[in-house]
Amino acid sequence: MSSDNPIEIVGLRKEYGGFVAVDNLNLSVKKNSFTGFLGPNGAGKSTTLKILTHLINASSGEAYINGIDVTKDPKAALTNVGTVVETPEFYPYLTPRETLRYVGQIIGMNTESIKSETDRILEKVKMLEWEDKKLGTFSKGMRQRIAIGQALMNGPSVIILDEPTSGLDPRGQAEMREIMKNLRNDSNNLTVIMSSHVLHEVSDLCDRIALINHGKMIIQDDMSVIEKSSGKRRVTIKVESTPSPLMTHMVEQLDNVVSAERYGNDIEAVVEGDISACVKFFKDISSLNIGAYGVSEEDNLETTYLKLIKESG
Amino acid sequence: MYIELDDFRQSYVVAKNEIRKFVRGKRFTIYAVLTTVVFALITFLPYLFGGDLGDTPGEVIANYVSIVDLLIILAATLFASVAIVSEFEERTALILFTRPIKKTSIFVGKVVGCIVLETVMIVLFYLGMAVASLAVAGSVSADLFVSLGVAFLFVVAVSGVAIFISSVMKKGSTTAILTFVLLLLILPIISSVISGSTSVEPWFMLDQASNAIQTSIPEYIDLVNGMLEHAAEMMGVSPEDLGVITAPDMAKTIITMLGWSIVSLSLAWVAFIRREF
Numbered sequence: 023m024s025s026d027n028p029i030e031i032v033g034l035r036k037e038y039g040g041f042v043a044v045d046n047l048n049l050s051v052k053k054n055s056f057t058g059f060l061g062p063n064g065a066g067k068s069t070t071l072k073i074l075t076h077l078i079n080a081s082s083g084e085a086y087i088n089g090i091d092v093t094k095d096p097k098a099a100l101t102n103v104g105t106v107v108e109t110p111e112f113y114p115y116l117t118p119r120e121t122l123r124y125v126g127q128i129i130g131m132n133t134e135s136i137k138s139e140t141d142r143i144l145e146k147v148k149m150l151e152w153e154d155k156k157l158g159t160f161s162k163g164m165r166q167r168i169a170i171g172q173a174l175m176n177g178p179s180v181i182i183l184d185e186p187t188s189g190l191d192p193r194g195q196a197e198m199r200e201i202m203k204n205l206r207n208d209s210n211n212l213t214v215i216m217s218s219h220v221l222h223e224v225s226d227l228c229d230r231i232a233l234i235n236h237g238k239m240i241i242q243d244d245m246s247v248i249e250k251s252s253g254k255r256r257v258t259i260k261v262e263s264t265p266s267p268l269m270t271h272m273v274e275q276l277d278n279v280v281s282a283e284r285y286g287n288d289i290e291a292v293v294e295g296d297i298s299a300c301v302k303f304f305k306d307i308s309s310l311n312i313g314a315y316g317v318s319e320e321d322n323l324e325t326t327y328l329k330l331i332k333e334s335g
Numbered sequence: 009m010y011i012e013l014d015d016f017r018q019s020y021v022v023a024k025n026e027i028r029k030f031v032r033g034k035r036f037t038i039y040a041v042l043t044t045v046v047f048a049l050i051t052f053l054p055y056l057f058g059g060d061l062g063d064t065p066g067e068v069i070a071n072y073v074s075i076v077d078l079l080i081i082l083a084a085t086l087f088a089s090v091a092i093v094s095e096f097e098e099r100t101a102l103i104l105f106t107r108p109i110k111k112t113s114i115f116v117g118k119v120v121g122c123i124v125l126e127t128v129m130i131v132l133f134y135l136g137m138a139v140a141s142l143a144v145a146g147s148v149s150a151d152l153f154v155s156l157g158v159a160f161l162f163v164v165a166v167s168g169v170a171i172f173i174s175s176v177m178k179k180g181s182t183t184a185i186l187t188f189v190l191l192l193l194i195l196p197i198i199s200s201v202i203s204g205s206t207s208v209e210p211w212f213m214l215d216q217a218s219n220a221i222q223t224s225i226p227e228y229i230d231l232v233n234g235m236l237e238h239a240a241e242m243m244g245v246s247p248e249d250l251g252v253i254t255a256p257d258m259a260k261t262i263i264t265m266l267g268w269s270i271v272s273l274s275l276a277w278v279a280f281i282r283r284e285f
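As they're listed, the protein sequences go chains A and F. Counting with the numbering used here, you get residues 23 to 335 for the letters of the first sequence. Counting with the numbering used here, you get residues 9 to 285 for the letters of the second sequence.
Just to be clear, a hint being listed does not mean it is correct.
Claimed, not checked - Distance condition first, Cα-Cα at most 25 Å in a straight line; then the derived SDA-like pairs of lysine to any residue:
{"hint": "1", "chain 1": "A", "residue 1": "Lys250", "chain 2": "A", "residue 2": "Arg35"}
{"hint": "2", "chain 1": "F", "residue 1": "Lys111", "chain 2": "F", "residue 2": "Glu98"}
{"hint": "3", "chain 1": "F", "residue 1": "Lys111", "chain 2": "A", "residue 2": "Thr109"}
{"hint": "4", "chain 1": "A", "residue 1": "Lys94", "chain 2": "F", "residue 2": "Glu12"}
{"hint": "5", "chain 1": "A", "residue 1": "Lys155", "chain 2": "A", "residue 2": "Thr93"}
{"hint": "6", "chain 1": "A", "residue 1": "Lys238", "chain 2": "F", "residue 2": "Glu284"}
{"hint": "7", "chain 1": "A", "residue 1": "Lys155", "chain 2": "F", "residue 2": "Glu227"}
{"hint": "8", "chain 1": "F", "residue 1": "Lys111", "chain 2": "A", "residue 2": "Val301"}
{"hint": "9", "chain 1": "F", "residue 1": "Lys178", "chain 2": "A", "residue 2": "Leu157"}
{"hint": "10", "chain 1": "A", "residue 1": "Lys329", "chain 2": "A", "residue 2": "Val301"}
As the list claims (entries may be wrong) - Residues of chain F clear of chain A, computed beta-carbon distances all greater than 10 Å:
{"hint": "11", "residue": "Val22"}
{"hint": "12", "residue": "Ile103"}
{"hint": "13", "residue": "Thr106"}
{"hint": "14", "residue": "Leu231"}
{"hint": "15", "residue": "Ala255"}
{"hint": "16", "residue": "Val271"}
To be clear, the hints were calculated from the coordinates, so they are not data collected in a lab. Glycine included, C-beta positions come from ideal geometry on N, C-alpha and C.
Sequences and hints are given; from them, build the entire structure.
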């Protein structure tokens, strides 16, 4: 297996009775990348990540982490790997410090390392002031921060995250995103794969994307390449008064505009073409007498995601 | 499959956590209070009604041993029956199982943790019996240690059964009820049917083997047979018709206990290894 790809999945298949959840899946996660693992519900994301973390067994195929096939030697493959699968629960009778100590003991760290690592991690996930309180009393957001914390024990080189912000309130999601952002910015030698349904979160955090549907890989590439692949950009035009049908029609008639419609007090347009097409569009909007005072580009990943999922059936 | 020294170290860590889990939980408090109340009732109730615990060490112990198998079944129901299923039901498996640890190490740690905790509880009960024997009769009968040995084998066997049920079931509450009903009702019913409708002696049944916890104390046999004789006299039948009890066949007892332990734990291990989240 290539040393540039800490995670390498080859011909992976998982069947439940007659249902194929993962179908001959191939995936390479580049070293030091933050890869977003996307797909609609039931696409096979969680199944793939559960095979990678040895929670379920593959029907066939190989799944390598740091060059070791997790389907053959899960203990060796999961050494140096941190995981947060779905929303895990903790032993409610343990405190965050005891939980991290337990994980540290399982992975074979000595007492001194456990202590220093626990201090570092509790600070990183902002749980120092709660370190000696029982986890049974914690909110979901706090427990998820501990989940990230235990995944960081002993400085893993690979982290696997399965919908880490799922089920959290907006504040909890923002806190988790901040922790993950810090993780990305602070670590030089860390490879992360993260499944998520929250596309703006993926846009914000990830530099690579792997998109699957019906258990099959649709595309895997750099975020910038994937975002451009649809060739379309969704833009929002802010106008000083409520947009009239005439104003929307005028926008729709501009060059490179595929569609335009009123969206609340704004006009949302889909623009086709490269950067020069966008430059022309911005100029045209300025010269159009509709009272436009701002133009912003929306999340292109969503447009591309929907297009690719539609194409893949 | 290969075994490393680190696998045993990890099993030890899991076992320690398992014991801590139970000791800090409500089930342990309930069990400790219940055992203490039972012990106090057996000890003080006879004196409250003008009786006593007996004159010899064996007679004193005979008062207590009749309850030991029930205490062990209760311990297996409260602790061993939830050891595996709770990891899946409460989603703690998502933390433990995704670490670099073999499933067998987790299994061994959980089994050892349950057995150690249950054994400690039973040893404490026997320690209480020994203290009562010393206080009342001035010495401790060696038969107490034989009974304790059988009780330990019973702890392992019923824990094996409970852990097997825990490995295949989805809900902790169902597992606990099933374990309790199986050990306390279903197995004795099967034994009774076998001995009543066939000529086969059901010595290989777990409930029958567990009788040795009591029948290893000769004074217990005398006590029960004395009551049976009295009942037979009143009913106008021979004591044999009511089924007098005899000293246990220790070889059969040990074989039965070990057999149930090995089979149930092996099945539990296979079920656990194959189980997916």
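Here's how the hints hold up against the structure:
no. : hint                  : verdict
1   : Lys250(A) / Arg35(A)  : violated (30 Å)
2   : Lys111(F) / Glu98(F)  : holds (18 Å)
3   : Lys111(F) / Thr109(A) : holds (21 Å)
4   : Lys94(A) / Glu12(F)   : holds (16 Å)
5   : Lys155(A) / Thr93(A)  : violated (37 Å)
6   : Lys238(A) / Glu284(F) : holds (22 Å)
7   : Lys155(A) / Glu227(F) : violated (52 Å)
8   : Lys111(F) / Val301(A) : violated (59 Å)
9   : Lys178(F) / Leu157(A) : holds (24 Å)
10  : Lys329(A) / Val301(A) : holds (24 Å)
11  : Val22                 : violated (8 Å)
12  : Ile103                : violated (5 Å)
13  : Thr106                : violated (4 Å)
14  : Leu231                : holds (43 Å)
15  : Ala255                : holds (45 Å)
16  : Val271                : holds (25 Å)
Checked against the numbered hints above, the structure violates hints 1, 5, 7, 8, 11, 12, 13; every other hint is satisfied.
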